[in-house]
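*Asks:* Below are the chains, spelled out letter by letter.
There are 2 protein chains.
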Amino acid sequence: MSYFDDLKFDAQGLITAVVVDDATGDVLMVAHMNAEAVQRTVETMVATFWSRSRQTLWVKGEQSGHQQVVHAIRTDCDKDVLLLRVTLRGPGACHKGFRSCFSWQLSDAGDWQLVEEQVFDPQAAYGRQ
Amino acid sequence: MSYFDDLKFDAQGLITAVVVDDATGDVLMVAHMNAEAVQRTVETMVATFWSRSRQTLWVKGEQSGHQQVVHAIRTDCDKDVLLLRVTLRGPGACHKGFRSCFSWQLSDAGDWQLVEEQVFDPQAAYGRQ
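Respectively, the protein sequence lines represent chains A and B. Each residue of the first sequence is one higher than the one before, starting from 53 at the first, in the working numbering. Each residue of the second sequence is one higher than the one before, starting from 53 at the first, in the working numbering.
Treat the hints as calculated values from the structure; they're not laboratory data. As the structure is a computational prediction, the values presented were derived from the model and not from experiment. Possibly wrong hints are sitting among the right ones.
A pair holds if it fits inside one copy or across any two, identical chains being indistinguishable in the list.
[To be verified] When the alpha-carbon atoms are kept at most 20 Å apart in a straight line, the in silico PhoX-like pairs for lysine-lysine are as follows: (1) 131 <-> 60; (2) 60 <-> 148; (3) 148 <-> 131.
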């Protein structure tokens with residue numbers, strides 16, 4: 053049985069993928085993959101997702117150039133989440149210009165505070181803020 | 053506006069939560085929270101989820117004693133995923149006896165290879181394998 057047959061996709065045919073920065077160990081983003089995205093990622097070792105908003109296959113970085121080269125793929129005990137360790141081609145993974153999408157932290161005051169600095173200009177990379 | 057009003061729950065009223073080991077930086081597990089689980093987690097700073105299989109609120113560690121003390125909570129640019137940095141009370145987060153649920157790695161042969169060692173006896177902790 054291959055790796056693929058073991059995976060559990062949800063009712064929408066998707067599996068959650070957690071992307072970890074191989075350089076820092078930080079979680080960069082969480083996205084989703086359909087069957088084709090999983091297979092493309094394994095074949096090319098470049099992170100490829102399913103865009104739920106655009107309903108299309110999405111090679112991360114196809115617009116910004118900030119691709120994610122995959123070094124290792126893990127799965128969890130339930131085989132319903134994937135974890136990718138990647139090297140970023142480019143400064144960041146977040147479409148708002150941060151290295152990680154997880155740049156907002158819950159403060160003692162009970163709101164989300166931005167705790168990281170922008171590392172690139174998202175308008176230059178994506179043509180939008 | 054409080055932190056809570058900003059979050060985006062899915063059609064099932066759930067938000068994905070990635071749990072990171074504050075000691076090692078490793079991703080321990082991915083689970084889901086409903087509104088009550090988010091509020092309980094913030095109020096108690098002990099990780100509380102929604103069990104989709106049991107359809108009940110689930111204080112992680114309530115059976116095994118391996119609770120997760122939350123140090124920091126982050127969210128991403130879309131506000132639809134939470135990231136918890138935790139300290140484990142106990143040896144591991146995985147119900148199969150591993151520190152992390154992400155203990156299987158895709159091998160060159162194309163199957164999932166167990167690449168971590170068990171750190172506790174799951175049968176003793178949970179009464180099942």
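*Asks:* So, for every hint listed, does it hold in this structure?
*Replies:* Each hint, compared with the structure:
In this homomeric assembly, residue 131 and residue 60 come within 20 Å of each other (Cα to Cα) only inside a single copy, at 6 Å, whereas the closest approach across copies is 25 Å. In this assembly of identical chains, residue 60 and residue 148 lie within 20 Å of each other by CA distance solely across copies; the values are 18 Å between and 31 Å within a copy. For a Cα distance limit of 20 Å, the shortest separation of residue 148 from residue 131 across copies, 13 Å, qualifies, whereas the shortest one inside one copy, 31 Å, does not.
When the structure is compared with the earlier hints, no violation turns up for any of them.
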